[in-house]
Amino acid sequence: MSLFPYAHATHPQWPMAAALVLAQLRAQMTLPGYATAPCLALLYITDHYAPHAQDILEHLSGELPLVTDWSGTVGIGIASNNVEYFDEPALAVMLLELPSHQYRVFSGIAPLGLGFEAHTALVHADGDTPDLAELIDEMARRTDSGYLFGGLSSSRTQSVQFAVAADGNLSGHGAASGVFTGGLSGVAFGEGVDLVSRVTQGCKPVSPTHVVTEAAHNVVVALDGEPALDVMLRDLGVSLERPQEALEVVRATLVGLVQPREGVAHDAAMVRQTGNFGSDVTVRHIIGLDPGRRGIAVADQVQEGAQLAFCQRHMQAAKADLMRICAEVREELEPQEQTLEVATALQQSEAEAAPHPARRIAGALYVSCSGRGGPHFGGPSAEMHIVRRALGDVPLVGFFAGGEIGHRHVFGYTGVLTVFTTAA
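Be aware that the sequence shown starts at 1, since it is given in the UniProt record's numbering, and climbs by one per residue.
Incorrect hints may have been included.
Taking CB as the label site, the calculated pair distances span [unchecked claim]: (1) Pro-208 x Gly-113: 45 to 55 Å; (2) Arg-293 x Met-16: 38 to 48 Å; (3) Pro-208 x Pro-243: 43 to 53 Å; (4) Thr-30 x Glu-328: 41 to 51 Å; (5) Thr-157 x Pro-243: 36 to 46 Å; (6) Gln-312 x Thr-30: 29 to 39 Å; (7) Asp-235 x Gly-113: 27 to 37 Å; (8) Gln-13 x Gly-113: 53 to 63 Å.
Simulated from the structure, these hints should not be mistaken for lab results. Cβ atoms here follow ideal geometry from the backbone N, Cα and C, with glycine treated the same way.
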């Protein structure tokens with residue numbers, strides 16, 4: 001698999017930004033190691049360009065005739081290698097060269113047909129879609145691995161998605177524009193497209209794992225047979241006898257949940273040996289206390305039998321967890337026995353290193369929460385700087401979402417990093 005050409009630009013006028021992006025893409029396609037005949041494009045725009053989404057798609061697809069399939073969406077911010085664009089008009093594109101039989105673009109008018117066996121899928125979704133969690137779970141069940149990655153559109157204007165499928169649309173939708181609102185769209189990948197994906201929760205568990213033994217809707221009444229409020233206060237080391245101190249600690253605390261699923265055994269290690277949550281854990285806010293029942297109200301429906309751990313979210317934990325997932329990805333890709341070319345490429349400093357096939361990363365997609373980004377990590381573009389330092393110089397695009405999709409869940413305040421790998 002060749003390196004994926006990618007480009008990004010900002011300009012008050014979208015035609016100028018598009019021209020800059022096209023110039024970068026064409027230049028990269030002439031370089032050794034880069035794809036020369038890409039067929040699939042990922043397109044992300046900030047919400048400043050949302051009213052022009054149709055014009056942007058038509059212009060780019062007209063200028064890139066080899067690209068037959070398009071997917072993407074809008075974000076309050078977008079990202080590329082080492083840079084974040086927030087509160088400014090910008091767009092980013094990555095071109096993928098994949099076997100045509102190994103992927104399918106899907107949408108409401110071009111659903112994933114029975115003739116394609118999906119192994120994983122990139123999903124873009126509208127957060128206002130009814131029964132969204134159920135639709136995402138159903139989509140995960142339609143893949144062999146059960147693993148999805150992606151995010152929810154985020155916009156202060158129009159929430160749009162891009163989906164152009166070369167194999168056509170449902171009958172009666174032949175004039176579809178490729179720009180949609182509502183529902184789900186994305187790209188399903190076959191088993192022949194190698195991916196490595198990780199979720200960073202950006203929080204640190206501060207308690208052992210408990211089992212929910214009594215719950216009512218979103219109120220956790222009992223943990224391990226004890227009143228949930230008493231367990232939480234004990235775990236956090238606070239007392240209601242000093243209410244102000246207790247309130248400050250509780251406000252900074254969230255819960256990590258793993259809901260029971262019929263026929264699926266839980267991994268007993270909800271908190272991994274690294275001290276971090278796994279990708280099955282969803283983190284939710286504590287929204288209230290129930291003194292009468294000695295319960296805790298959380299921002300999700302909770303079932304009896306669920307696993308729960310208290311956690312806290314802060315900049316240091318977010319940085320450490322982001323660096324951890326990047327290190328896990330690199331460790332999985334780097335061969336134990338390295339050729340001289342591979343060793344040389346991996347040992348170059350990040351300032352000198354350019355994207356190189358020996359790194360085994362053809363391209364990467366990063367979806368982060370719109371509440372994260374540089375400011376949460378200490379400065380402009382700081383989150384992407386961390387990814388660059390930890391992962392290396394690789395083709396990368398992404399967006400800042402209204403919710404992040406990883407495995408079969410919709411997360412909040414997380415990052416989902418997915419890399420497309422080249423042959424060893």
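Evaluation of the provided hints:
1. Hint check: Pro-208 to Gly-113, Cβ distance near 46 Å, so the stated range 45 to 55 Å holds.
2. With their beta carbons about 60 Å apart, Arg-293 and Met-16 fall outside the hinted range of 38 to 48 Å.
3. With their beta carbons about 25 Å apart, Pro-208 and Pro-243 fall outside the hinted range of 43 to 53 Å.
4. Distance hint check: the CB atoms of Thr-30 and Glu-328 are about 34 Å apart, inconsistent with the given range 41 to 51 Å.
5. Checked against the hint of 36 to 46 Å, the C-beta distance between Thr-157 and Pro-243 comes to roughly 43 Å, which is consistent with it.
6. Range check, Gln-312 to Thr-30: about 49 Å between beta-carbon atoms, so the 29 to 39 Å window is missed.
7. Checked against the given bound of 27 to 37 Å, the beta carbons of Asp-235 and Gly-113, roughly 49 Å apart, lie outside it.
8. For Gln-13 and Gly-113, the Cβ-Cβ distance of about 39 Å falls outside the hinted range of 53 to 63 Å, so the restraint is violated.
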